[in-house]
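> Dock chain B against chain A, hints included.
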Amino acid sequence: MVGTPFKMKRAGSVTRQQLAEMIEAIEFRRASRPQASVPTGWGGTATAQTLARGVIHEWFGLTEAPEHFNAAKPRGNGRANQWSPPLLVLTHLAWRALETVEKTKERWVVWIGRRVWPHPRVLVRDEHGPDRLLLQQSLFVDPPDKAGRLWAIDLALRCPAVTAVVADGSRLRMGETRRVQLAAEQGRSLALLARPPWELKQLSAAVTRWHVLRAPSPDSRPRWMIELMRCKGVQQLAARKAVSYSILEWDRAKGRVRPSAQVVDQPDPATASPWQVSHGAVRRTG
Amino acid sequence: MVLVKIAAARQIVARCCERSAAAGVREGMTLTHARAVLVGTPLRVHPYDPLGDEAALKALARWALRCAPLVAPDPPDGLLMDVSGCRPLYGNEQRLVNTFADRIGRLGFRARVACASTFGCAWAVARFSDQERSVIAHGQEHQALTPLPIEALRIDEDTAAALLEVGIERIGHLFALPRRELVARFGSHLLLRMDQATGETIEVIQPQHPVEPPSVQRVFDGPVTQLEAVMRTVRELTEDLAGKLQRLESGVRRLDIVFDRLDVAALRVLITLSRPSRDVKHLWSLLKPKVETIQMGFGIERIALTATVVGRLRHEQIEQADGQWRSSEPDDAPADRAFGELIDTLAQRLGPHRTVCVHPVESHLPERSFRQHSVMQTQRPQGDAKQITASDRPSILLERPEPIEVMAITPQGPPSWLRWRGEEHRIVTAIGPERIGNVWWSPDVSPTCHSQRDYFKVQDGASRWLWVYREREAGRWFAHGEWA
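If you read the sequences in order, they're chains A and B.
Note that this note's numbering has the first sequence beginning at 1247, numbered continuously upward.
Note that this note's numbering has the second sequence beginning at 76, numbered continuously upward.
Derived by calculation from the structure, the hints in this document are not laboratory data.
Possibly wrong hints are sitting among the right ones.
Derived pair list, reagent style BS3-like, types lysine-lysine, alpha-carbon separation capped at 30 Å [what the hints assert, rightly or not]:
#1 B/K319 / B/K365
#2 B/K363 / A/K1392
#3 B/K365 / A/K1392
#4 A/K1447 / A/K1392
#5 B/K80 / B/K133
#6 B/K319 / B/K356
#7 A/K1392 / B/K356
#8 A/K1478 / A/K1392
#9 B/K319 / B/K133
Extracted from the complex, chain A is given alone in its bound form (with noise of 0.2 Å):
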């Protein structure tokens, strides 16, 4: 006897946000299974609560001259190249990953480019005890070249035992992120790509993109303040509302970024965007 893989259900019968599941199946050309989420803990608005599975997640680093943030691509000696992707963030993300994944499933966490390999040091947390869960599931590649870098990435998402793909994004074009995003829908995994600043005015497949920027700290924790460049449907509500900054902060204990309790002094007004700081959250102003 052969099945049929899908059920005729009465119209009365469906909710709506398994209409709402199916319309989003329709648009993305995609199966109707919902892609799971992870929950960043960074609360805010929903769009900073979680990040979707199946999708391309960047992360647009750090960079130690500011000027070229809004440059195409730096120019001079190579020291101007340097950037630095935001790996406290991303390690943070990995943990979150890897907790909401049954133990039995995918368990693994795949790092690809020696930029994004953190200190393995960080790679372990306290909770309860030192938990080096994260350390143990770390699989690290060094592909010697862009495409050995881009068909690792993309073997990396399709692998049904990886929960999460931490790469460096770094000079991949419009196309080549398509091949990343698809390979992405076709696993579970959570792909997040770390890009430097320069490359923010590139066209790009990922779903959402989050610029990251250093902010002043009072006390030995250092603090980012994260800012969603762009969120492109999958959470549609989210995405009309109007988008923040939020102030995170290093808790080098529990091994988690967290919104930071205490907003601290401003950012310097002559680079920082038209944002506004309050009460942990950033509005815009202009």
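Quick look at chain B alone, frame taken from chain A:
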């Protein structure tokens, strides 16, 4: 070098090298005592691994099958070989002994070899004779054994102590005593060992049986120059090999493919897998890129696939429970299999050393506290992950500390200004110092690691957190990491 084991919360020397033994180190001694004996001499200490030693001895016994038809491991450190019928191959026993000792010496072992008509006599002479290579002619066993100590009879410590107590130190003393009295006072085991050594009683060994690795091959009628035919043949041979492996309930870990070519040397292709597999699709995905690029020369006459290393891969059972058919394999098996295929594919294309895991190393130095190892290694490096706790370390650790220029208000204090990579940084927050001591006890560490370091976590005016340190002796400053 010494191997230590833990007994009653103390580190006890289980084995030691010849140099340590010559300096006075003995088995059963505490490690502290051994260090005191070897004061001034660098000492390497490794954990004693009896199971690993036993496995290595079995592997050596399998290797020795190329010299003798029957070889049995004799734990903890010996091999018993039955060389009956091998004399015509070597000419005489002395040449056989020399050949074997030279061959095993090339593997890095220093062996004492003796050849006799009984295992007991050969065991005794190999261990207690003055010569490293000995041959005892048939009928000369009594003469060879007479001057040797009684421990050469493979008797237990209590019996040896009882014999020494009554002044019997040599085997020759035992030969002079009446057998009936020996049984009455020291038991029948002593007499059995004497008879085994002299050949009065037959001794049976449990030899290692050679295992032929699963292999399939195809011989062509003539040299084949078409790549499509070669690829199709390799694919079919892979399916045949998978069938053989299924009957053996095993999977391949290392696959060796030999292409015999006309008039030129054979071509060998090797693939290694991270875990056993007999999945044809997966094996072919690894083989195909390599087969596509082979140089066929004037044509290929024969293709052979051999699973040189195999591992146990259990059959999957289908069982019925609560009216539902389900697989008996564990729930995490599909995920494990998928991940194994992922790392096999990554390692085949990028190379095994570009696909790594990280394991902790016992070191306070940040750059030496972790080591990368290839995921294709069959044995994971030893490392105590329990020693690794959460601590305030930067997310980016530079491969090598980079020198920086620093201005500090006090000589021992934190920097107030620094220049790194040509850029100036005004320091607004500094936390520290955290002192990390030198590793004076390790001979392997470079001289730069022999200095104490005072680490500071500093924040510059652009809110960038850096990890810098000052060498206490030289006073030089370095940048070592960043919280990003």
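> Hint by hint, say whether it matches the structure.
These are the hints, each one checked on the structure:
1. For the suggested pair B/K319 and B/K365, the alpha carbons sit about 23 Å apart, so the restraint of at most 30 Å is met.
2. The straight-line distance between the Cα atoms of B/K363 and A/K1392 is roughly 23 Å, inside the 30 Å bound, and the hint therefore holds.
3. The suggested pairing of B/K365 with A/K1392 holds, with an alpha-carbon distance near 22 Å, which does not exceed 30 Å.
4. Note on A/K1447 and A/K1392: the hinted pairing holds, with a Cα-Cα distance of about 20 Å set against a maximum of 30 Å.
5. For the proposed pair B/K80 and B/K133, the alpha carbon gap of about 22 Å is at most 30 Å, so the pair holds.
6. Restraint check for B/K319 and B/K356: the C-alpha separation of about 16 Å stays at or below 30 Å, so the hint holds.
7. Between A/K1392 and B/K356, the direct Cα distance comes to roughly 27 Å. Compliance with the 30 Å bound is thereby established for this hinted pair.
8. Between A/K1478 and A/K1392 the alpha-carbon distance is near 26 Å, which keeps this suggested pair within the 30 Å criterion.
9. Restraint check: the Cα-Cα separation between B/K319 and B/K133 comes to about 25 Å, which is no more than 30 Å; the hinted pair holds.
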